[in-house]
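A.B. asks: Throw the hints in and build the complete structure from the sequences for me.
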Amino acid sequence: MPYYIGGLVDDADSLIARSPEAFREQGIDVRTRHEVEEIDAERRTVLVRDLGTRERSTEPYDNLVIATGAEPAVPDLPGIQAGGIFKMSWMHDMLALDQYLVEHQCRRAVIVGGGYIGIEMAEALLLRELETTLIHSRRAVMPSLDEDLGLLINGTLTDEGVNLITSQRAVGFEARDGRVTAVRTEEASYPADIVILCLGTRPRSDLASAAGVPVGPSGGIIVNDRMMTAKDGICAAGDCTEMRHLVTGEQVSVALGTIANKQGRICGINLAGGDASFPGILGTAITRFCDLEIARTGLNERQLIRRNIDYVAGKIESSTRSGYFPGSSSITVKVTAERETGKLLGGQIVGGPGAGKRIDTLATALFSGLTLTDLEYLDLSYAPPFSPVWDPVQIAARIGARQVGSPKTAI
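Take the sequence shown: its letters are residues 0 to 410, numbered as in numbering that gives the first Met the number 0.
Honestly, the hints are just simulated from the structure, not real lab data. For each residue, glycine too, the CB sits at the ideal point set by N, CA and C. Any given hint might turn out to be false.
Capping the alpha-carbon separation at 27 Å, the derived lysine-lysine pairs in DSSO-like fashion look like this [claimed, not checked]: (1) K86 - K261; (2) K261 - K230; (3) K261 - K356; (4) K356 - K314; (5) K342 - K314; (6) K342 - K356.
Across the chosen pairs, the derived CB separations fall in these ranges [unchecked claim]: (7) D39 - T363: 39 to 47 Å; (8) P59 - S367: 40 to 48 Å; (9) V73 - R401: 45 to 53 Å; (10) G267 - R138: 37 to 45 Å; (11) R401 - T363: 36 to 44 Å; (12) L50 - E102: 23 to 31 Å; (13) S188 - R42: 52 to 60 Å; (14) G82 - E34: 23 to 31 Å; (15) P352 - V8: 40 to 48 Å; (16) E20 - R137: 39 to 47 Å.
C.D. replies: Set out below in C-alpha cells:
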C-alpha cells in the first residue's frame, strides 16, 4: 500500500491477490460486506450481519476457519478523532488517504511510528513531495533491529529529507474545523495537514475469544501445528494466531504476509483431508527506504539480553559487490549466536542495493540449526558483480565465531 501512495504502483486493483469473482468462478460462495458477529461453537453456527441491508442470519458450519487478521494499534489520545488522521491496514484506508491528500492539497505530513510501515510511508510521502516528519519514541527507528543498525537508518532518513524526531512520544493531536493541524509530543508541536499512525498491530481475536476459543498471552488465537484450535471443528490462520518461535520456543504473534500465506495453505490442506504442519517462525522480514535495504531474522541483542541468553555477536561493514566493481554499495551485517555452541540465533542487515536479500541466507542457516562456523564455510556463489570473494554474511560469522567458547566480554 505505501508503494501505491508513492506512485510506484498505479493500479489499486493490482494489489488484490484474488478477487471475489475469481473465487466464485471456483464455486466458492463469497459474501462481501457481511460481518460475523458471533460464533456458537456448541451449535456450530455463526451469526452474520449483512452490512448493506442490516439483516442478520444464522449460518451452520461443519468446519470453521477464523482468519480475522490483525488490527492497527490506535492510541487513545486527545484529538485522535480529528479528520486527516489515518492508519494503514486495509485497502479502504489506502484509498481514503490518497483521496485526502488530493482533496486537501496536503503539504505537511507527520508519521507516528518508525517501524516497517512508518519507514515505507516516509518514502512514499517524499515521492509525493510532501514535507515529511517522522516521530519515533526510541533513539533509533526500526525497533526490530539493534540500535546500532537502527541509527544507520536514522542517518539515511535525515539525508533524504525526512524531519526525524526521535526519543519523543505523541501525546495528542491539535485540530481546527474538525481537521488535524499538528501532532503534540511531550516536548513540541509538529504542524501537519495529514497524520499517519504506524504503531504496530494486535491480533483480531475478540470474536474467537468470545466463542471460548483459547487465546494466548500475546493476544493471538492458540493453534497447533495443523492450525487447529482447542475447539472441535475450529481452526485459525494468519495474523490472528499465535505461533511458535523456532529460536526461543515461545508462542508469539507476528503479523507478516509470508507467515499468513503459509498458515492458510496448511489449514486448507488439512481441512481437505491432507496432512500438513506448520514448523514455526523466525520473524524474517525485509523492507527498504529509498536505496537503503533493511532486513532481519531471529533474535537481536536486546531480545537475547531480555531472555538472559549468553551470546556472541559478529558485525562487519563491507560491500555488496567486489569493492572495485561498479555499483558496489556499503553493507552492514550483524549476527548473533550462542556463546557455548556457536549456534546461530539471529541476523540483521542494513545496506545499499543488493544487501537485503542476503537475509535469506541467514534465515536458511538459522532454520537449519547451523553454527557460525557452518555459515562461514557455506559454499556460496561468487562473482565480482554480486559479492566479494567472502560474502559479508560469512565474514560476520567469522568474527562471531572467534568469540565462541570464550569468557563473556563486552562486544
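A.B. asks: Next step is simple, just say for each hint if it's right about the structure.
C.D. replies: Quick rundown of the hints versus the structure:
For a cut-off of 27 Å, the pair hint linking K86 to K261 stands: about 26 Å separates their Cα positions. A threshold of 27 Å between alpha carbons decides the hint, and for K261 with K230 the separation of about 22 Å falls inside it, so the pair holds. For the given pair, K261 sits about 20 Å from K356 by alpha-carbon distance, which is consistent with the 27 Å threshold. A hinted pair counts as satisfied when its Cα atoms are at most 27 Å apart, and K356 with K314 qualifies at roughly 17 Å.
Distance restraint check for K342 and K314: the Cα-Cα separation of roughly 16 Å lies within the 27 Å cut-off, and the hinted pair is therefore satisfied. As the CA atoms of K342 and K356 are separated by approximately 21 Å, the hinted pair is consistent with the 27 Å bound. For D39 and T363, the hinted distance range of 39 to 47 Å is satisfied, since their beta carbons lie about 44 Å from each other. The given range of 40 to 48 Å is respected by P59 and S367, whose C-beta atoms sit roughly 45 Å from each other.
The hinted range of 45 to 53 Å is satisfied by V73 and R401, whose Cβ atoms lie roughly 47 Å apart. For G267 paired with R138, a C-beta distance near 44 Å keeps the hint of 37 to 45 Å intact. For R401 and T363, the hinted distance range of 36 to 44 Å is not satisfied, since their beta carbons lie about 23 Å from each other. A hinted range of 23 to 31 Å for the beta carbons of L50 and E102 is consistent with their spacing of about 25 Å.
Take S188 and R42: their Cβ atoms lie about 54 Å apart, and the range 52 to 60 Å holds. Between G82 and E34 the Cβ separation comes to about 25 Å, which falls inside the hinted range of 23 to 31 Å. For P352 and V8, the hinted distance range of 40 to 48 Å is not satisfied, since their beta carbons lie about 19 Å from each other. For E20 and R137, the Cβ-Cβ distance of about 45 Å falls inside the hinted range of 39 to 47 Å, so the restraint holds.
Of the numbered hints stated above, those contradicted by the structure are hints 11 and 15, listed in ascending order.
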